[in-house]
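Our numbering puts the first residue of the sequence shown at 192, with every later residue one more than the last.
Please keep in mind that the hints were generated in silico from the structure rather than gathered at the bench.
Careful: at least some of the hints might be erroneous.
Stated by the list, open to error - Cut-off 20 Å, straight-line C-alpha distance, at most; resulting in silico cross-link-like pairs (SDA-like, lysine to any residue):
id, residue 1, residue 2
1, LYS832, GLU846
2, LYS424, PHE196
3, LYS383, SER903
4, LYS867, GLY838
5, LYS341, LYS372
6, LYS867, VAL851
7, LYS341, ASN281
8, LYS538, TYR772
9, LYS679, PHE598
10, LYS672, LEU742
11, LYS672, ASP630
12, LYS867, ARG756
13, LYS832, LYS898
14, LYS898, ARG860
15, LYS372, THR822
16, LYS475, GLN206
17, LYS199, GLU482
18, LYS679, ASN541
19, LYS828, LEU894
20, LYS828, ILE845
21, LYS816, ASP692
22, LYS608, LYS679
23, LYS828, THR895
24, LYS606, ASP617
25, LYS887, VAL851
26, LYS816, GLN865
27, LYS475, SER783
28, LYS371, THR840
29, LYS672, SER655
30, LYS199, ASP263
31, LYS867, SER783
32, LYS424, LYS372
33, LYS383, ASP415
34, LYS201, ALA222
Unchecked claim - Beta-carbon label-pair distances, calculated as ranges:
id, residue 1, residue 2, range
35, GLN614, ASN541, 45 to 53 Å
36, ARG483, ASN219, 16 to 24 Å
37, CYS506, LYS198, 16 to 24 Å
38, CYS506, LYS475, 53 to 61 Å
39, ILE291, LYS608, 25 to 33 Å
40, PRO837, ASN219, 52 to 60 Å
Glycine is no exception: its CB is placed at the ideal position from the N, C-alpha and C atoms.
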Amino acid sequence: MSTEFEKKAKEIVSQMTLEEKVYQTIHNSPAIPRLSIPQYNWWNEALHGIARAGVATVFPQAIGLAATFDTDLLARIADAISTEGRAKFNMQQQFGDCDIYKGLTFWAPNVNIFRDPRWGRGHETYGEDPYLTSRLAVSFIKGIQGNDPKYLKAAACAKHFAVHSGPESLRHSFNAIVTKKDMYETYLPAFKACVQEAGVEAIMGAYNRVNGEPCCGSKILLQDILRQEWGFKGHIVSDCWAIRDFNENHHVTSTPVESAALAMNNGCDLNCGSIFLNLIDAVKQGLVTEERLNEAVTHLLVTRMKLGMLAENTCTPFDQINYTECDTKKHSLLNLEAAGKTLVLLKNSNNILPLDAQKIKTIGIIGPNANSRRALVGNYEGTASRYFTVSEGIQEYLSGSEIRILFSEGCHLYKDKVSALSQTNDRLSEIRGVCAASDVVIVCLGLDAGLEGEEGDTGNEFASGDKPDLKFPGLQNEVLKTACESGKPVILVVLAGSAMDLTYADQHAAAIIQGWYPGAMGGLAIAQLLFGDINPEGKLPITFYRTTEELPDFTDYAMAGRTYRYMTNKALYPFGFGLSYTDFELSNVQTSLPLVVQNGTVNLDMEVQNTGSMAGAQTIQVYIKCLQPDTPNPQLKAFSKLFLKPGETQNIHIELSDQVFGLFDDEARLMLYQGKYFVYVGFCQPDERSIELTGKRPFCIELTCEKTADISR
192 MSTEFEKKAK EIVSQMTLEE KVYQTIHNSP AIPRLSIPQY NWWNEALHGI
242 ARAGVATVFP QAIGLAATFD TDLLARIADA ISTEGRAKFN MQQQFGDCDI
292 YKGLTFWAPN VNIFRDPRWG RGHETYGEDP YLTSRLAVSF IKGIQGNDPK
342 YLKAAACAKH FAVHSGPESL RHSFNAIVTK KDMYETYLPA FKACVQEAGV
392 EAIMGAYNRV NGEPCCGSKI LLQDILRQEW GFKGHIVSDC WAIRDFNENH
442 HVTSTPVESA ALAMNNGCDL NCGSIFLNLI DAVKQGLVTE ERLNEAVTHL
492 LVTRMKLGML AENTCTPFDQ INYTECDTKK HSLLNLEAAG KTLVLLKNSN
542 NILPLDAQKI KTIGIIGPNA NSRRALVGNY EGTASRYFTV SEGIQEYLSG
592 SEIRILFSEG CHLYKDKVSA LSQTNDRLSE IRGVCAASDV VIVCLGLDAG
642 LEGEEGDTGN EFASGDKPDL KFPGLQNEVL KTACESGKPV ILVVLAGSAM
692 DLTYADQHAA AIIQGWYPGA MGGLAIAQLL FGDINPEGKL PITFYRTTEE
742 LPDFTDYAMA GRTYRYMTNK ALYPFGFGLS YTDFELSNVQ TSLPLVVQNG
792 TVNLDMEVQN TGSMAGAQTI QVYIKCLQPD TPNPQLKAFS KLFLKPGETQ
842 NIHIELSDQV FGLFDDEARL MLYQGKYFVY VGFCQPDERS IELTGKRPFC
892 IELTCEKTAD ISR
């Protein structure tokens, strides 16, 4: 069907003037009435719900969704998001509203690799692992775009291509130096999956340079890899005002005309910004051919046709989605389910959780994020019609009980006092009073998108949105220490989109819950987990380090020493780790063949049983280690999530293609090396810290490859 659309688009483009074509390449594209082309603003956001355009379901932030390790959930959430997007679009079109954030081209997901915990935008991603990121992104994109053979429900956009993860303060001038091996092994796999498996409609370039080329005008990235190597057919959009950086900050061009020409000539079709207006002069000066401009506008019109926006009397299966299908009870229940699945239980001394409401008279709730809506939503968020902060969620949950709830914000999120005229630490006595009167204390600390996020996006207080270190800002550590020193059991709930320093809490808190930015229903989900209505099932999609001192410099894009795949130090809480209220046993792990062969498949079969007393979900994780020198640590290469009732057993079958055993060489060839491979199957990584925390050692299967082969394809 794209061929039919492309033919029609070329016919329309052939009737446009030069000026009309150029104006179609900026994000706020004007109408061309004589060609029945309506005005359209391409800029819209839907990272974890329809954003910045009024009321919509605010789902957990992307990093929390990654913690679910649940591809089916991502698909269901994305389908709900695109339903709400269509519902709002159909209504807005009815009233002639073509403003920013009102279209069907969603600039999500963010599939950059969260390689350093200091990066402020890491919570927009699916974590540090390229395999997990690719699986979740493919599901999300398919959910957004739908499965109609002719029309897109909405258009997804994988960003930011490529090798992009901070520092935010340098992004407009930074040159990321990266080897071919690291690029293909870490930074590109998720984008490739988005293109070749999910059929993503758009790719957004990054602000920075990669090996000297600005990403939005990179021949290597946009032409050689994206178009030629991967066969991408959709449109390419610049990040916002990134092209003007070519001459103003990267200094690879001298003028705006040259910048526009460089981006257009190397494959960028759409400019978020206005510098592409210089293409009129670029074409007249012979810097850009009109044929290339025609190609760019054709790409854009094809996308709009796929969305049902151009042809007269076009009817898509999505035109009848009514505005009332936005912010529905069904989506609210899905949101609550999702929030519960994102939560990661990191510590549970003496099984203090779940709490027994029959044995508690008074609960203390303390901390700057305990009653903060901002700590629920992360960035690129919408507006919910109802929020449940942690405090509100617990109060709602216990509304029919006799349990007394005492509350103190404890401290400001990052300042040294709450009231401007007070002395430092002006809530200290209140903290002590709440703790003294309580049977158990819930301490809720962390960050919000005002502290970690995009440079300049929301007036970030620290390091242009990046974190200077892993410490809780302000007086938060003192609040936690005061609560722990009270002698009462302390349950720490962390609302943050990245790894924090939890070394003190690991030693002194009775329990730790990583809550991420859990969405508008997050507080109610946390209450349900605290009291055992739901069973924690989240797994960490990132490594929780002990300190940033063990990490390479933030500006170093080499992967050595970074993430679970290349680190040498012991993590505080490893990637893939997360506790449950019940227990699971893995048994009868078998493989079809002891050999790994080119174009072959290794079949794994196993049994998983819930041996505990509570229903729950568990994630089977498969890691592969090539026993060659200078190869990565065991890497996640498959996972399977299942839900089991107490005593229930399920058989699991997992297939491993030869591709997952391959490693890239220095020339970016995917090689299957002769020798031994270890395949680890379990509920966590095979590292000693994970085994120490879970008390379980993954099964290890030894396989052999009899000859080296190039398996690039």
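Hint numbers not upheld by this structure, sorted from lowest to highest: Hints 4, 5, 10, 13, 21, 22, 25, 27, 28, 29, 30, 32, 35, 38 and 39 not satisfied by this model.
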